[in-house]
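Spelled out from the first residue to the last, the chains are:
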Amino acid sequence: MNRFWSVLFLLVPVLGIASILMAMYGVAPLESAWLPKSLSQAGDTIDQLFNGIHLLAAFILAGTVFTIGWALWRFSDRGDSDAKALYITHNTKLEITWTVIPALILVFLAFFQMKSWAENKMERPTVTVNGVSSFKPPMVMVKAKRFGWEFYYAGDDGVVETEDDIFVENLLVLPAGEEIVLQMESRDVIHSFYVPELRLKQDIVPGMTQFVWFNAREEKEVEIMCTELCGWGHYMMKADLNFVSRAQFDAWIAEQKSAYSPEFKKAVEPTASLRGSSSLYSAERLIAAQADLGFEK
Amino acid sequence: MAETSVENSITPDHKGNVVSRFVWTYVFATDHKVIGLQFLFSSLIWFFVGGFLALAVRWQLAWPWSDMPIFGHMLFAESGGQMSPGFYNMLFTMHATIMIFFVIIPILAGAFGNYLIPLMVGAEDMAFPRLNMLSYWFMWPAFACIILSFFMPEYGASAGWTSYPPLSVFQGDAQSLWLLAMVFVGVSSMMGSINYLTTIIQMRAPGMTMFRMPMTVWGMFITAIMQAFALPVLTAALLMQLSDRLLMTGFFLPENIAVNNGVATSGGGQVLLWQHLFWFYSHPAVYIMILPAMGMVSDIISCFSRKPLFGYRPMVYSITAIAGLGFIVWGHHMFISGMNHTLAMSFMVSTMLIALPSGIKVFNWIGTLWGGKLQLTTPMLFCVGFVAMFVIGGLSGIVMSAPPVDIVIHDTYYIVAHLHYVLFASSVLGVLGAIYFWFPKMFGRMMNERLGKIHFFLTFVFLNGTFFPMHFLSRMPRRVADPYIYEGLKDLLPLNQFMTICAIGMGLTQLIFVANFFGSMFFGAKAGRNPWNANTLEWTTVSPPPHGNFDVQPVVRRGPYEYSHPETDSDFFPQTKTS
Numbered sequence: 001m002n003r004f005w006s007v008l009f010l011l012v013p014v015l016g017i018a019s020i021l022m023a024m025y026g027v028a029p030l031e032s033a034w035l036p037k038s039l040s041q042a043g044d045t046i047d048q049l050f051n052g053i054h055l056l057a058a059f060i061l062a063g064t065v066f067t068i069g070w071a072l073w074r075f076s077d078r079g080d081s082d083a084k085a086l087y088i089t090h091n092t093k094l095e096i097t098w099t100v101i102p103a104l105i106l107v108f109l110a111f112f113q114m115k116s117w118a119e120n121k122m123e124r125p126t127v128t129v130n131g132v133s134s135f136k137p138p139m140v141m142v143k144a145k146r147f148g149w150e151f152y153y154a155g156d157d158g159v160v161e162t163e164d165d166i167f168v169e170n171l172l173v174l175p176a177g178e179e180i181v182l183q184m185e186s187r188d189v190i191h192s193f194y195v196p197e198l199r200l201k202q203d204i205v206p207g208m209t210q211f212v213w214f215n216a217r218e219e220k221e222v223e224i225m226c227t228e229l230c231g232w233g234h235y236m237m238k239a240d241l242n243f244v245s246r247a248q249f250d251a252w253i254a255e256q257k258s259a260y261s262p263e264f265k266k267a268v269e270p271t272a273s274l275r276g277s278s279s280l281y282s283a284e285r286l287i288a289a290q291a292d293l294g295f296e297k
Numbered sequence: 001m002a003e004t005s006v007e008n009s010i011t012p013d014h015k016g017n018v019v020s021r022f023v024w025t026y027v028f029a030t031d032h033k034v035i036g037l038q039f040l041f042s043s044l045i046w047f048f049v050g051g052f053l054a055l056a057v058r059w060q061l062a063w064p065w066s067d068m069p070i071f072g073h074m075l076f077a078e079s080g081g082q083m084s085p086g087f088y089n090m091l092f093t094m095h096a097t098i099m100i101f102f103v104i105i106p107i108l109a110g111a112f113g114n115y116l117i118p119l120m121v122g123a124e125d126m127a128f129p130r131l132n133m134l135s136y137w138f139m140w141p142a143f144a145c146i147i148l149s150f151f152m153p154e155y156g157a158s159a160g161w162t163s164y165p166p167l168s169v170f171q172g173d174a175q176s177l178w179l180l181a182m183v184f185v186g187v188s189s190m191m192g193s194i195n196y197l198t199t200i201i202q203m204r205a206p207g208m209t210m211f212r213m214p215m216t217v218w219g220m221f222i223t224a225i226m227q228a229f230a231l232p233v234l235t236a237a238l239l240m241q242l243s244d245r246l247l248m249t250g251f252f253l254p255e256n257i258a259v260n261n262g263v264a265t266s267g268g269g270q271v272l273l274w275q276h277l278f279w280f281y282s283h284p285a286v287y288i289m290i291l292p293a294m295g296m297v298s299d300i301i302s303c304f305s306r307k308p309l310f311g312y313r314p315m316v317y318s319i320t321a322i323a324g325l326g327f328i329v330w331g332h333h334m335f336i337s338g339m340n341h342t343l344a345m346s347f348m349v350s351t352m353l354i355a356l357p358s359g360i361k362v363f364n365w366i367g368t369l370w371g372g373k374l375q376l377t378t379p380m381l382f383c384v385g386f387v388a389m390f391v392i393g394g395l396s397g398i399v400m401s402a403p404p405v406d407i408v409i410h411d412t413y414y415i416v417a418h419l420h421y422v423l424f425a426s427s428v429l430g431v432l433g434a435i436y437f438w439f440p441k442m443f444g445r446m447m448n449e450r451l452g453k454i455h456f457f458l459t460f461v462f463l464n465g466t467f468f469p470m471h472f473l474s475r476m477p478r479r480v481a482d483p484y485i486y487e488g489l490k491d492l493l494p495l496n497q498f499m500t501i502c503a504i505g506m507g508l509t510q511l512i513f514v515a516n517f518f519g520s521m522f523f524g525a526k527a528g529r530n531p532w533n534a535n536t537l538e539w540t541t542v543s544p545p546p547h548g549n550f551d552v553q554p555v556v557r558r559g560p561y562e563y564s565h566p567e568t569d570s571d572f573f574p575q576t577k578t579s
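Protein chains in written order, with our numbering: chain R, 1 to 297; chain Y, 1 to 579.
I should point out that these hints are in silico values taken from the structure, not numbers from a laboratory. Hints are not guaranteed to be accurate.
Restraint-style ranges between C-beta atoms, simulated for each label pair [to be verified]:
no., chain 1, residue 1, chain 2, residue 2, range
1, Y, F52, R, T126, 51 to 57 Å
2, R, G79, Y, F211, 31 to 37 Å
3, R, F108, Y, F128, 48 to 54 Å
4, R, T126, Y, F327, 45 to 51 Å
5, R, F66, Y, W137, 26 to 32 Å
6, R, N215, Y, L508, 36 to 42 Å
7, Y, R313, R, G177, 57 to 63 Å
8, Y, Q553, R, Y87, 28 to 34 Å
9, Y, F229, R, T126, 41 to 47 Å
10, Y, A228, R, Y25, 25 to 31 Å
11, R, D250, Y, N340, 34 to 40 Å
12, Y, M248, R, N215, 22 to 28 Å
13, Y, V19, R, F66, 57 to 63 Å
Note that this is a predicted model, so its numbers are computed, not measured. Glycine residues also receive a C-beta, built at the ideal position from the N, C-alpha and C atoms.
Please construct the entire structure, taking both the sequences and the accompanying hints into account.
Structure, rendered in C-alpha cells:
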C-alpha cells in the first residue's frame, strides 16, 4: 500500500509536466488550450517569458514532487526493521544552498522581465514633429460602459474628443501593421479591455484615463473581452476587433463618416460635455437614440 | 496554578436542568476547547454551503443556461430552470466569501487556534476566556447578515468577493449586509488574535521557551500578529464603502459616473483607494489562510516521519519572513488596475522574494521526510498532499508575479487555478489532515483509517482533475456567466465539462468524510492519551481534555521534535518526559 501512495505522488509531476508540454507544443487533447497565436511582437516577448517561466516551474515541480514520491517509496515504514529514523535536526549549508540558488534565479527573472513590462505599459509611443517630441495621439477613444464598448475615432483633425469624432459601437476596425494608441475611459464602473491575441489587458477605471498601444502584424478578426466584473451583463460585454489593411481601413472610415449623421450624433451626445460638468450622461437617451435609428439593442 | 486550573471561576457548576446546562456549557462557553469545536462545526457546515455554490458555478460553466438538477426548477421555475446571469455573479461571490471568511479563516484560527494553542503551550485556558466567547458570538451576527442577504435585492451580494467600487456601491441592499457581515467577521478575528497573542506570550508552561513551541503555535502566533495589524485596515475600508452606500459619501466614487440609468456622483473619491485598502488586508489574509496550516502540517509530518522537523529555526524564520513580506506585496493584485506602472516593478520584486521563504519551507518538509521511518496514516497522506500541492500553487505564483505574464493571465482561470491550489489543495488538505490528526484528542475516539484513505485518494485525484486544467484556461476570463459567447472560447467547453464532472466527484467524496466524522465520534475505537506517540503537550493529558486541560502542571524539558532521539529507546521523547 505504501508503494501505491508513492506512485500516486510520482504521477503528479509526470502528468503535470506532460500536460504543460502538451499545451505548450499543441498536442491533443490540449492543442487548443492555453493561449491563441500571438498577433504582435510584444505578445511574442510575453509568450517567451510565459513559456520560459513555465518550463522553469515544471523543472522545479519535477524535482520537488518527484523527491517527495521517492521519499515515500524509499523511507516508508514496512515494519521489517527495528532501526529508528535518522536523527537529523538541521543542516545550515543545505539551508543556505536552497535559499541562495532560488534567490539568484529570481533576481535574474525579475530584471529580465522589466523590459517587456516597460514596453507594454510604460513606454508610450511618441512622435517627433519639428524636433519636438510628444506622445503619439490616440487614434480611438474607447468608452467602456455597462455592457458594451463605444469607440470614437479621431476625425479629420486627428484628435479624439472633438466635434468630428466618428462613433462606432461594439466594433473596432484598425489597420494591421501600424502602431496604434487607444485612449480608454469608463462611463460607469471598472471594466477591463482584454484581447488575448495581442496579449493586452488594461483595467479601465472611472475617473482615470488609460492608454494602450500595440502593433498587430497580420489582418485578423479577434474579440475584445471585458475581464472586470461590471454587473449582471458582464458576460456579454464583448466587441469585435478587426485588423484590416490600410486601404480597407480608409474605405471603412469613409463609410462610417457618411453614415454618422448629425441627427444621430445629436441624439446620442450628452447635453453638456462630460468632463467638468455635473450633468448626467444618460444611458436611456443612448438606448432610445439607438432604437430610433434602428440599431439593435 | 494546578489547583485552580480544573474549575474555571466564571463558569457556574454544571447543575440545574438540561436547558440551563446546555446554555452554560455551549452558549456561554468560556472553555477554549468548546469554543474551538463551535468554530469547527460552524465552519464545516458553511464548508458544505460554499461547496454547493461552487458546484452551481461549475454547472453553469459546463452546461450553460441548462436546467440545474433539483435546484434549477426550485429557484427558476419561470425560466425553465435556467439561472440568471445575476444569479451566477451571486454564486461565485458568495462561494468565495463563505469559503474565505466563514470556512478557512475560522477553521484555522478559530477552531484549531482555539483548541490547540492553550493545550500546546501548556496553559489551562486562553488569557481572556470571555473575550474568546465574544469572538465566537460575533460570528453569529455575520451568519445572520449573510443568510439575510440571500433574501435582499439581488438575492445575495454579487459584486465579487473583492467588492470593487463603483460596482459594489451601486449593487442592491444585499451588498450592505455583506459589508456588515464582513465587519462582524473581522471584529471576531481581531478579538481572537489579541487573545492568541496574549496567551502565547504570557501563559506558556514552565520551560516552554519560544523556541520550544511547536510550529503549529508559531503559525498561529504569526497569523495573529498579521490579523491584528491588517484587519483594522479592512474594517475601515468596509465602513467607508458602507457609508458610500448608505450615507452618500464618496470615498471611492469619482465624479460624473452614471450607473443604473442616472445616478450622479459628486465625486472627489478614488476608485483605486478601495483596491489598495482591500488588498492591504486581503493579501496578508492569503497567508492568514495558510500559515496555521503550514504549522500543523510541519508537526504532523515530523510526527509520522518519526524524525525531528528538519531545520526548525529556519522554519520559524521563514514563517516570519512570509508574514513580513506579506504586508508589502498587495500591489501584485493590481498590476493591470491602472496603478502606477513603475510601482508594479517594486511589488514584483517583493512578491518574488516571498518565493524564497516558501521554498525554504518546502525543502525543509522534504528534508524531514528524507531518512525518516514514514507511517503513511491518513493525516500524514493529507499533509504530504499539502506539500505537493503547495509546490504547484507556489510555482504558479511565481509565474503570475511576473507583470508582463500577468497581463495575459490576470482575471482569467489561471488565477482561479492558482488560488484553488493554495487555498483548497493546500489549506483545506492541511485542515483535513489536522482534523484526522487531532480528532482523537477532541473526541477521544479514532477516525476510521480505511475510509480516511479512500477520502484522501478521491479528494486528491478529483481536486487535480478539477483545478489543474484551469491552468490551461488562461484566455478564459473568470466571473463570466457564459464564456461561450466568445468565438475564441467555444472550444474550451469539453475541458470545462471534464472539470465540472471532477468537481461533482470531489463534492460527493466529502460525504465519505461526513460519514467518517460522525460515525467515528460515536463508534470509533477509543483513543488513549497519545495514540500517535507524539511529543507535544496536548498528548500528555486525557482525550478529550477536561476543563482546565492538564491534571498536572506540565513542565517542558525539550523541544517538540525529539523523535528517534539516540539517547532514548523509544522513537519519541515527549516534551515533559524526565530523561
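Those earlier numbered hints the structure runs against, lowest number first | 4, 5, 6, 10 and 12
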